[in-house]
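Take the sequences, apply the hints, and build the full model.
Protein chains: 2
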Amino acid sequence: MTAPDPSLLSLNTATVRAQWALPEIIAGCVRHGIGRIAPWRDQVAQAGLADTARRIRDAGLALSGYCRGGMFPALDAAGLRAARDDNRRAVDEALTLGAPCLVLVVGGLPKDANDRPASKDLAGARAMVQDGIGELLAYARPAGMPLAIEPLHPMYAADRACVNTLGQANDLCDALGPGLGVIVDIYHVWWDPALQREIARAGRAESAPGASRLMGFHLCDWLVPTQDLLLDRGMMGDGVIDIPLLRSWMEDAGYRGPHEVEIFSAGNWWKRDPDEVLATCKARHAAVC
Amino acid sequence: MTAPDPSLLSLNTATVRAQWALPEIIAGCVRHGIGRIAPWRDQVAQAGLADTARRIRDAGLALSGYCRGGMFPALDAAGLRAARDDNRRAVDEALTLGAPCLVLVVGGLPKDANDRPASKDLAGARAMVQDGIGELLAYARPAGMPLAIEPLHPMYAADRACVNTLGQANDLCDALGPGLGVIVDIYHVWWDPALQREIARAGRAESAPGASRLMGFHLCDWLVPTQDLLLDRGMMGDGVIDIPLLRSWMEDAGYRGPHEVEIFSAGNWWKRDPDEVLATCKARHAAVC
Numbered sequence: 207m208t209a210p211d212p213s214l215l216s217l218n219t220a221t222v223r224a225q226w227a228l229p230e231i232i233a234g235c236v237r238h239g240i241g242r243i244a245p246w247r248d249q250v251a252q253a254g255l256a257d258t259a260r261r262i263r264d265a266g267l268a269l270s271g272y273c274r275g276g277m278f279p280a281l282d283a284a285g286l287r288a289a290r291d292d293n294r295r296a297v298d299e300a301l302t303l304g305a306p307c308l309v310l311v312v313g314g315l316p317k318d319a320n321d322r323p324a325s326k327d328l329a330g331a332r333a334m335v336q337d338g339i340g341e342l343l344a345y346a347r348p349a350g351m352p353l354a355i356e357p358l359h360p361m362y363a364a365d366r367a368c369v370n371t372l373g374q375a376n377d378l379c380d381a382l383g384p385g386l387g388v389i390v391d392i393y394h395v396w397w398d399p400a401l402q403r404e405i406a407r408a409g410r411a412e413s414a415p416g417a418s419r420l421m422g423f424h425l426c427d428w429l430v431p432t433q434d435l436l437l438d439r440g441m442m443g444d445g446v447i448d449i450p451l452l453r454s455w456m457e458d459a460g461y462r463g464p465h466e467v468e469i470f471s472a473g474n475w476w477k478r479d480p481d482e483v484l485a486t487c488k489a490r491h492a493a494v495c
Numbered sequence: 207m208t209a210p211d212p213s214l215l216s217l218n219t220a221t222v223r224a225q226w227a228l229p230e231i232i233a234g235c236v237r238h239g240i241g242r243i244a245p246w247r248d249q250v251a252q253a254g255l256a257d258t259a260r261r262i263r264d265a266g267l268a269l270s271g272y273c274r275g276g277m278f279p280a281l282d283a284a285g286l287r288a289a290r291d292d293n294r295r296a297v298d299e300a301l302t303l304g305a306p307c308l309v310l311v312v313g314g315l316p317k318d319a320n321d322r323p324a325s326k327d328l329a330g331a332r333a334m335v336q337d338g339i340g341e342l343l344a345y346a347r348p349a350g351m352p353l354a355i356e357p358l359h360p361m362y363a364a365d366r367a368c369v370n371t372l373g374q375a376n377d378l379c380d381a382l383g384p385g386l387g388v389i390v391d392i393y394h395v396w397w398d399p400a401l402q403r404e405i406a407r408a409g410r411a412e413s414a415p416g417a418s419r420l421m422g423f424h425l426c427d428w429l430v431p432t433q434d435l436l437l438d439r440g441m442m443g444d445g446v447i448d449i450p451l452l453r454s455w456m457e458d459a460g461y462r463g464p465h466e467v468e469i470f471s472a473g474n475w476w477k478r479d480p481d482e483v484l485a486t487c488k489a490r491h492a493a494v495c
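Going down the list, the sequences are from chains G and V.
If you read the first sequence in our numbering, its first letter stands for residue 207, the second for the next number, and so on.
If you read the second sequence in our numbering, its first letter stands for residue 207, the second for the next number, and so on.
By construction, these hints were calculated from the structure, which means they are not laboratory data.
There may be inaccurate statements among the hints.
Identical copies carry no separate label here, and so any pair may be met within one copy or between two of them.
[Unchecked claim] When the alpha-carbon atoms are kept at most 35 Å apart in a straight line, the in silico DSBU-like pairs for lysine-lysine are as follows:
#: 1; residue 1: Lys-477; residue 2: Lys-488
#: 2; residue 1: Lys-477; residue 2: Lys-317
#: 3; residue 1: Lys-317; residue 2: Lys-488
Following this line, the structure appears as structure tokens:
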């Protein structure tokens, strides 16, 4: 593999969220020559939507995605309605920000008021996800905002996302039609023996000829040992994922889009000087991706 | 679902390994009326193989499996040979103990001398696993000891087992033929959208008509939140797995074998009075499985 095009590097703002607010992250990207960014809703809300849109535009940054919609399953009709309304607001925000897609983390089992799983019906949760995405597509498609399902690692099936393989996400795209695609986050899917085949399938996008479903490629690494299920992701090169191999599968499938670095790391990268983190992202992107 | 047959309950000895040595576990099973047991090799080695075989026989216990062979991938020919030899010894021990199968945890990426992953070649590791099982089958099949592949959760792909779905295990059985089967441990596979289909496939055992591949059914539960990737498994009923549903899929596929409770729980069950743990296993098996 040749080294990746450095202009494809994008910073998911979660990577330095512990150190910087969104305006500082935007300025940091400019300072480090990182031309793309993927902001999170809570950070945008804190900094102000219109102000953030202006800052990003003034900085000359492109978005690689907007994090995130989803969390569809709920215990009752009121909960489902609340999720629907919140997801519509996320679509509106993504449009204001000029995002190329709204990333969907679809949710796990329905939760009670204390945020604890209140059901063991995984198939039911998956049906709610399909219904919820279908309903959101009816809102997002005419507005021109693509939705991108991000399959999450199976260890998050109960509490974060019950779409756990790229195959499942492709099946949802088959069922629900145009305007829907997938995010390939290597942390979540690197282990999957069907990965190469399902990336190729997403690239072919049989249900929407000419329109690839591949809407994003997220990078970090799987550490051994992993100390925490959520907050111990590694910097590219520090773990066991063969990133150039996975990138080659994406490129073979026609993907030419951003390489978005997204690292949740409470014990390491969130404790470092954020300028060092950004410099390391750039260096590792060039060296090991 | 009707309650499960209590005589099917088996204790995987890891469940109380922190509190009791193997002779105490055997005595505990007798005291609690648990008629089946699945011992681990290190515990057997500590207690003595011949002595353990005699104790289990004298106690009138049946085995539900022997834990464990596997760990096939290695960096070099010497490492592969060492794994082969060790696995043959495991087959011999399983025969001495009268186990119905040797459970295989197949291993992850090849490791260096410090037990750290020394390769990112996941496909290569999977090929070593297939070769290693094939070679072990040539030893185990004529000896009459079935081998049972236990797919492990994808979060163990790097360091413990690169067979991460029941579909993968079934593919290996297709490729390698009779004498090989699968263990369905609900902790590892409960999230898999293809699970019901792959259990049915294993029950049909198309490559070996009349001989089901379903060689074991392991129980515990998936806790939310899970505090540790390895040592925070839950007691049945304390997590989110719909155990009766998964048992119904096993029974629909023709499985009538043991229900083996295997709980790694450094923070909870390993700290409790082991008699309480065994009593709880029995009660939960009857109530929520």
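Status of Lys-317 relative to Lys-477 across identical chains (alpha carbons, at most 35 Å): For Lys-477 and Lys-317, the Cα distance is within 35 Å both inside one copy (31 Å) and across copies (29 Å).
Alpha-carbon proximity between Lys-477 and Lys-488, which holds within one copy, between copies, both or neither at 35 Å: within (18 Å within a copy, 46 Å between copies)
Intra- versus inter-subunit Cα pairing at 35 Å for Lys-317 with Lys-488: Intra 39 Å, inter 29 Å, cutoff 35 Å: inter-copy only.
When each numbered hint is compared with the structure, no violation occurs for any of them.
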